[in-house]
Amino acid sequence: MAQTTSIVQDDTEPDGDGMTLTRLAVALGEGQPLRCFEKTFYDGTETIPTLAIPRGVDDRSVPIYRRFAQIGHVNLARIIVDAAVSRQRINGFRLVNDKTMRSTAADDMYARSRMSVKAPKCFRDVGVHGRSYLYVTGPNDNNLVEHLSPWQCYATEDAACVYAYDEVNQVERLMLLRLVKDKDGGVSDVYVRTASRASEKRTLIRESDDPSVTDCAKTWSTDRPSVWNPSTDFQWEGAKQSLDYAVKCGRLPIFTVESPDGRSQLFPHFSSLQRIDQHLFDRMCIMAVQSFKQRALKGTLPTTYSADDPAVLNGWAEEGDPIDYSNQFETGFATMWMLPKDVDIWESENTDLTPYETILSGEVKRLAAASATPLDILSPDVAGSAEGASLKREGLVFKVEELNRLANDALVGALQMALVADGETGAAEERFETMWLPVELRSWTDISQAVSQGKGVFPVKTMWRKIAGFTEQEMAEAEQDLTDTAFQQALAAEASAMDSKTQAQSPGTLEGTLDSSSTLGDQSVPASFSDVGGDV
Numbered sequence: 170m171a172q173t174t175s176i177v178q179d180d181t182e183p184d185g186d187g188m189t190l191t192r193l194a195v196a197l198g199e200g201q202p203l204r205c206f207e208k209t210f211y212d213g214t215e216t217i218p219t220l221a222i223p224r225g226v227d228d229r230s231v232p233i234y235r236r237f238a239q240i241g242h243v244n245l246a247r248i249i250v251d252a253a254v255s256r257q258r259i260n261g262f263r264l265v266n267d268k269t270m271r272s273t274a275a276d277d278m279y280a281r282s283r284m285s286v287k288a289p290k291c292f293r294d295v296g297v298h299g300r301s302y303l304y305v306t307g308p309n310d311n312n313l314v315e316h317l318s319p320w321q322c323y324a325t326e327d328a329a330c331v332y333a334y335d336e337v338n339q340v341e342r343l344m345l346l347r348l349v350k351d352k353d354g355g356v357s358d359v360y361v362r363t364a365s366r367a368s369e370k371r372t373l374i375r376e377s378d379d380p381s382v383t384d385c386a387k388t389w390s391t392d393r394p395s396v397w398n399p400s401t402d403f404q405w406e407g408a409k410q411s412l413d414y415a416v417k418c419g420r421l422p423i424f425t426v427e428s429p430d431g432r433s434q435l436f437p438h439f440s441s442l443q444r445i446d447q448h449l450f451d452r453m454c455i456m457a458v459q460s461f462k463q464r465a466l467k468g469t470l471p472t473t474y475s476a477d478d479p480a481v482l483n484g485w486a487e488e489g490d491p492i493d494y495s496n497q498f499e500t501g502f503a504t505m506w507m508l509p510k511d512v513d514i515w516e517s518e519n520t521d522l523t524p525y526e527t528i529l530s531g532e533v534k535r536l537a538a539a540s541a542t543p544l545d546i547l548s549p550d551v552a553g554s555a556e557g558a559s560l561k562r563e564g565l566v567f568k569v570e571e572l573n574r575l576a577n578d579a580l581v582g583a584l585q586m587a588l589v590a591d592g593e594t595g596a597a598e599e600r601f602e603t604m605w606l607p608v609e610l611r612s613w614t615d616i617s618q619a620v621s622q623g624k625g626v627f628p629v630k631t632m633w634r635k636i637a638g639f640t641e642q643e644m645a646e647a648e649q650d651l652t653d654t655a656f657q658q659a660l661a662a663e664a665s666a667m668d669s670k671t672q673a674q675s676p677g678t679l680e681g682t683l684d685s686s687s688t689l690g691d692q693s694v695p696a697s698f699s700d701v702g703g704d705v
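Just so we're aligned, residue 170 is where the sequence shown starts under this note's numbering, counting upward by one.
No lab work stands behind these hints: they were computed from the structure.
This structure is a prediction, so every number in the text was calculated from the model and none was measured.
Don't take every hint at face value.
For lysine-lysine, the following DSSO-like pairs were computed, each having C-alpha atoms within a straight-line distance of at most 30 Å [to be verified]:
| # | residue 1 | residue 2 |
| --- | --- | --- |
| 1 | K370 | K387 |
| 2 | K287 | K630 |
| 3 | K624 | K635 |
| 4 | K568 | K635 |
| 5 | K568 | K290 |
| 6 | K417 | K350 |
| 7 | K370 | K409 |
Start from the sequences, fold in the hints, and give me the full structure.
Structure representation (structure tokens):
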């Protein structure tokens, strides 16, 4: 239920900052149980309800059933989310008005803001919770773009709130960012102001607080979910502060990265995931309780000892004493049983768990089809043809491409505003887009074949980018390698030509002189030039 009382003291104007912050904070708090529920599935910490424990079980068996309830699940949720998130790989940015020109300023801002670390966190939040946020902090911060999770932020088109808790000073803060339009629909102002209150502890659940997350997750599907209700004793800290860089871009400095329907990738499949967990729990219970063979005694069993019973003859019992069969058929190594006359032992067959395996396998297949996740990712031992596997991956490829398309607006808008805040006012008029690496990963054999078939059809750099999936850095290195290879080949060709030319030339011989192959015969060799009349 929406809160009608302003959480900021002395600010109760219906459309004022106090009520705007109240509505945003309440929306942030109402999403808390669902966020906790989604996180338990992604972390693999969801539990089977304790009501699944059969009634009437022995007190010694209750801890065993509780143990089964804790471990009777498999983490398929993380696989579904990560299968898409791991394929969202940014390859840089380029200007829209010039397809061949990269936006080096956007690339530099991307690297400067360490977006290679923050973007995957954003994409993971979208997969787990359906949305995430990028916040342009302003010109006074070297790290201009920050990642905000849905655990601390809630934003609409013209307003946003961000929650923070200062553990040192024990102060809770809610930051309000608001966009104001003039009568013509243009943006006249974008400002920020902060409300705070003293608090000995954090009241909004932290994402890393696993015990609180687990407890809150259990209330999501109940009549009384554990929502966060902000206190009503917040006070404004000073006046509002205008953000000129946001006004120039005409947008809030908080950008929403969202899934197509604003929901988690797990939300439509909660029932399937819970059924799989329930089947695993049931199978574990059956294996533990009925995996061994049941035994029974067939025949008429005497209820009292007779005079000729071995126990009476040995003095262990007296005639007429009741027989306690519970102590006579104990299970153990080298245990010997004394069966009464005309009594046989009946033994049951082992419990067949094949139907449970079949049901579980069918549930996993249906989950793979519904979540557009290839079955071999969820179940690595699945068999199938290469063509069939390729067709199954089409759904995942389409899903990732849709997520990339939706993320482009927030990524570009955040970097564009960060450039404006950094002093590049012309960036507000530029249009650029995100370039992504290929969604489907391929082997070097497939890449080599595709590049070989593309020769003469596509430019070399296009094949590097679209087929091989090279990043810009890898493309620059490849160009340098090509230059080095061409230079080395030219040197080798020149050296080979010189060797061939040298070998083709042989030293000439003068007429009447001896060459290396001549013989002297009967002629004598002069001892010196004077012997032949030469001048010394």
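Legend entry - 30 Å limit on alpha-carbon distance, applied to hinted pair K568 and K635: Roughly 19 Å between the alpha carbons, so the hint for K568 and K635 holds.
Inset, instruction - Would you check the hint for K370 and K409, treating anything up to 30 Å between C-alpha atoms as holding? - result: holds (27 Å)
Inset, instruction - With a cut-off of 30 Å on the C-alpha distance, tell me whether K624 and K635 pass. - result: Holds: K624 and K635 sit about 13 Å apart, inside 30 Å.
Inset, instruction - Decide if the proposed pair is consistent with the structure: K568 and K290, CA atoms, cutoff 30 Å inclusive. - result: Cα-Cα ~18 Å, so holds.
Legend entry - K417 paired with K350 [C-alpha distance capped at 30 Å]: holds (13 Å)
Legend entry - Holds or violated: K370 to K387, with C-alpha atoms at most 30 Å apart: holds (22 Å)
Inset, instruction - Please work out if K287 and K630 have their alpha carbons no farther apart than 30 Å. - result: OK: K287 and K630 at ~28 Å, within 30 Å.
Violated hints: none; the structure is consistent with every hint.
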